[in-house]
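Asker: Below, each chain spelled out in residue letters.
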Amino acid sequence: MDIVQQAPILMILCPFLGAFAVSLAGLIQRRWCYPLTVLFTAGSAYAGLGTLIQVLRTEGGVIRYRMGGWEPPFGIEFRLDALNAAIALMVVVVALLVAIYSRQTVASETAGKEGHFYTLFLLLTVGVLGISMTGDAFNLYVFLEISSLSSYALIAMGRGRAAFSCFNYIIMGTIGASFYLLGVGYLYIKTGSLNMTDIARILQEHGLYSSNSVRIGFLFILIGVWIKMAFVPLHRWLPNAYTFAPSTTSCLVAPLMTKVSIYVMIRIMFSVFNPEFVFGVGPRSDLVVWLAVIAMMVGSFYALAKNKLKMMLAYLVIAEVGYMVGGAWLANATGLTGAIFHILADGLMTLALFLAAGAIYYKRKSYNIVATKGLFGKMPFTMGAFAIAALSMIGIPPTCGFFSKWYLISGGIEAGHWGFVVGLLTSSMVNAVLFFRILERAYFEKPELPYEPGRQGKNALNFVERKGVDEAPLTMLAPLWAASLGLVLLGVYSGVVIDFISRYVNSVGFQ
Amino acid sequence: MMNLHNLPPSAILIFGALLLPLMPKQLRNLWCVVLPAAAFVWVWQVPLGHEFAISFLDFQLELVRVDRLSKAFGYIFTLNATIGLIYAFYVKRWAHHAAALIYIGSSLGVVFAGDLITLYFYWEAMAVFSTFLILFRGLEGSKKAYGAALRYVLVHVAGGLLLVMGLCICYQKNGGDLTFSAELFKDPHLGSWLVLVGFLVNAAAWPLSAWLPDAYPEATVTGGVILSAYTSKTAVYTLLRGFPGYEILIPLGCIMAMYGIIYALLENDMRRILAYSIVNQVGFMVVAAGIGSEWAINGAVAHAFCHIIYKALLWMSAGAVLYMTGKSRCTDLGGLYRYMPWTMVFGTIGALAISAVPGTSGFTSKSLTIHAAEQAHLFWPWLVLEVASAGVFLHAGIKFPYFVFFAKVKDWTLEKADIGEPPWCMRIGMALMAFLCIFLGVYPEPMYAILPYQDVFQTDPYQVFTAGHLVSQFQLLMFSGLVFFLMLPMLRRTNTIAIDTDWLYRRIVPMFYRFTDWSLNGINRWTAALVVDRLIPRLNHFFARGPYRVWVRVNMPFARLNRSMGEVEEFSARRFFYRQAMLGILPIGVTAFLAVVGLLILFFA
Amino acid sequence: MSEETREQETVATPPAAPKHGGFDPGLIRKLWIALGVACALPVIAELFVDRHHGHGEHFPVDWGFGFYAVLGFLACAGSILLAKGLGLFLKKNEDYYDHDEPS
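Protein sequences, first through last, are from chains A, B and C. Position one of the first sequence corresponds to residue 1 (the UniProt record's numbering), numbered consecutively onward. Position one of the second sequence corresponds to residue 1 (the UniProt record's numbering), numbered consecutively onward. Position one of the third sequence corresponds to residue 1 (the UniProt record's numbering), numbered consecutively onward.
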């Protein structure tokens, strides 16, 4: 039994067992929680690497891991191909980086609750990993709920309006998950199977594409997933939930949850169903693309109006979701390639930006954008990494943002959807204005505090302004820089990654 | 046992330099002298024809390629470095030594590189590390040094960009073979022109020459000595290697020679005079490269060899004066012969050498170039070179020592109480250089022996020390001297500078910068004020608050129907609905509503 | 009245720069003579030397006796005049560039 072949399950087992270990550790000695979390996520990342290598090496490019040796469609399987191997790896790498990063922020923001926090952290990782790896539709729902519940709890641990935003998120998230479940239910009724490949086969063989139930099922899944990914106009839960969550939670949740939901959408659209169905019998694709354009505009312009850094970034996430959904619904290979590459790129970008925002909050004790003034002098490394991530958001080579936008725009032109192209370009321009404003403030102005230091009372901040460079700690800087450099590396090696993604896209069979 | 011949001499200097911070302070300066001496031994010992390549990615990098041409340059570079670092023994800042060593090592790397890619890496390293020699003067208190260093590095980076562009094109054209030889550039095309221009930037060819007199005088005392030798001569080497016989180099070199003289006559700062003098002398070498015959290349190499020595000597003496007096402008100097006699003697020997006075190394080397011009029947270049030779005596042979050491009687002790000879290390350095100048002037055979083309000495025997030649040279020189003293009143020094081609980027660019700042930032500010500060928040407000107001408006009539309300009740009812919308209904309710509606729409669409 | 003007004169005019830079005029005269001799010697020497008029075979120009002396003289005088001429355009005050320096 080759240990390498067990890599997929190891990837999920590590955080799973880790969750148990950490919850125990939280009862015994809170100080162990952090090292244990890092250890288990590192193990998971290592397994993830092994999985990716396996996928690369396998003939046919698909590995299937059967749980307990049970054959599908009765058994549950993990199915890793060119689409999700990289995404799964991204998930664990993000989890690892955030775990390393979390030391000081968790201790300061959720003091006393480290055990709970890290347990939920690892469970969230389990959930998201499971979503990205599983080949069974119902199993996906289970993991979806695991990740959602963990994320609700993690978000609710924040300050101020966190509990309330989380409540909104719970309701809306549950609506989304329930829609998904309903959709899967419809498909199960019609096909009798829960395994994705199997469903696809049965739908094909029995010509069920014209069935209304199947169509409704697809739409339920679609809407459910759209709620989970905060696709306009179903996005209202996201900004508040991400803003008021603790720093570490936002860093973990923002790059992962929405991206993985987009992955689910693509998987359902193209692996369970196929392009003929989706773009033929399914809803009008150009309508969806227009919705995506609105998402981009809403996201970018609202971000411009916000004066809280994390709120701004949350709206940018909404805009990015618009890019990806639009790309996938352009109905051509280029657009889909762009969308998939953007999942990876955006995961890293969002990670880097939220990590930087967390670091800024940790040192400056404020989320207000005014706190970024003069920060290049005080926190040069943080701002340097932030600048790289900003360049990627805007789409400047050689960061990966440029390459994903390139593909998305090419796909838009190919599909003749000029609205999408214009929307994408406008959004990039607005992003440019947004970030250059911050960078300009950070570079040229003097550092300023948006409140009076020494404020007493329950909001006393214990803030001491130190002279000169006052950088975030190394455990926060290292993951931040790893993410930023990863953006550049992903851009430089984009050719390799695109080749890899193309394996999947070509198998989808666009005309 | 690793073949030491495979260790590029650049590695000796560069890695040795990296060890500097780890060494105890007392040994550092000694180490700095040992390293180039070791490199000298390497050059001496390495067999002709030795080649060493490594492969990196897709490329074959020839790190070591030894032939007579590279060996000759190797000898003089290492020799100059050894003596120069003896001169620099007084420098306390180890980073300065490290930068100098890496710079020198990189130039050795260029000289021994067999392919253009290796060359390019060393080329860029030279540009970067030589900048530090200028920057360190800024740390010693000069404000102008920072600007000069910035301009210097920008010019060199630009030149490097042209070089790499040309390199890429050559790579394409040549099918991936970038072995550095004249073969590569035989048929001129865009790539070879770009590479040529890249090399010419470093050679300070007019009009790309203004960086040299701009930057070198702003370097540190030792920095100037070291800078004077390497960048320009490395460029000469590359021209001799890659572009021999390119005819455009002949008029270009002639222009450089005259340009150097004219500007040197106009300048006031003694080190700027010497900088323009470098351009002038390199002009001779460029002409020789353009002629390209075996005599010409021999002449260029001999000239480069001797030039490095006497130019270093001149910069050393100027540096010594600067070090002891703190001044470098001719208007501030003069009358130093009494206080620094040895410096004066050495400086004068250097001045005589550059003027090619018989008995000095300049005579034995420049004559070869002029002979090559005669051989090739190139009348006008020959004439220009002779004129330039006269002019050299004028601006460097006489003007420099005269205004610095003589010109007037001045009591320096009033200004600087401790005026006197420079530290012993400087004196030894100058003495060694002066010795070499005279030695090679009287007994040039060792230098001739390392010249690339030895056969020409047999096939076309040329005697340097013929009576006729001596007489002609003395005539030329003495009458030049006569003109100097006759026209001395016209040459009175003034507190001015002469603007050079760098006026273009020093004046035009700031103007352009100010214009773009005014126009673009103006638009930026206006848009920010209008759109960002006013429009967007208003829209935001509208979309955020609007729905709540709609909800209030929808519900109020029903509330009013229920019972009649006073003002206070109405207000609290409004508030109730508003908050209801804000807290519960709108985010969740609308989402749910839209989800269902969306479902229906998508189903029927 | 004349005393005042005289005082004004002596106060107003700066002291004249010492002739020959402060060197002893006798020394200067001796140097000039030495220079003259140094110029004459090579010219005389040419009478005794065969300057291997090799230039004749290479170049169309070789003005014979004293060629190099004349060449040196004209070249230098020309250079100086040319420099003076160009200096009218090119010479600027020392701090010409200073207010353009990047801060």
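No lab work stands behind these hints: they were computed from the structure. The beta carbon of each residue, even a glycine, is placed where N, CA and C say it ideally should be. Hints are supplied without guarantee of correctness; some may be wrong.
The following label-pair restraints were derived from C-beta to C-beta distances [said to hold, decoys possible]:
#1 B:Pro21 to A:Arg503: 33 to 43 Å
#2 B:Leu161 to A:Val142: 36 to 46 Å
#3 A:Met429 to C:Lys92: 21 to 31 Å
#4 A:Arg503 to B:Arg514: 48 to 58 Å
#5 C:Leu27 to B:Leu414: 20 to 30 Å
#6 C:Val37 to B:Met487: 43 to 53 Å
#7 A:Glu471 to B:Ala528: 22 to 32 Å
#8 B:Leu30 to C:Lys92: 23 to 33 Å
#9 A:Arg503 to B:Ser181: 13 to 23 Å
#10 C:Leu27 to B:Ser181: 53 to 63 Å
Asker: Does each hint fit the structure? Answer for all of them.
Answerer: Okay, the hints, checked on the actual structure:
{"no.": "1", "hint": "B:Pro21 to A:Arg503: 33 to 43 Å", "result": "violated, 51 Å"}
{"no.": "2", "hint": "B:Leu161 to A:Val142: 36 to 46 Å", "result": "violated, 58 Å"}
{"no.": "3", "hint": "A:Met429 to C:Lys92: 21 to 31 Å", "result": "violated, 45 Å"}
{"no.": "4", "hint": "A:Arg503 to B:Arg514: 48 to 58 Å", "result": "holds, 54 Å"}
{"no.": "5", "hint": "C:Leu27 to B:Leu414: 20 to 30 Å", "result": "holds, 23 Å"}
{"no.": "6", "hint": "C:Val37 to B:Met487: 43 to 53 Å", "result": "violated, 20 Å"}
{"no.": "7", "hint": "A:Glu471 to B:Ala528: 22 to 32 Å", "result": "holds, 30 Å"}
{"no.": "8", "hint": "B:Leu30 to C:Lys92: 23 to 33 Å", "result": "violated, 46 Å"}
{"no.": "9", "hint": "A:Arg503 to B:Ser181: 13 to 23 Å", "result": "violated, 46 Å"}
{"no.": "10", "hint": "C:Leu27 to B:Ser181: 53 to 63 Å", "result": "holds, 58 Å"}
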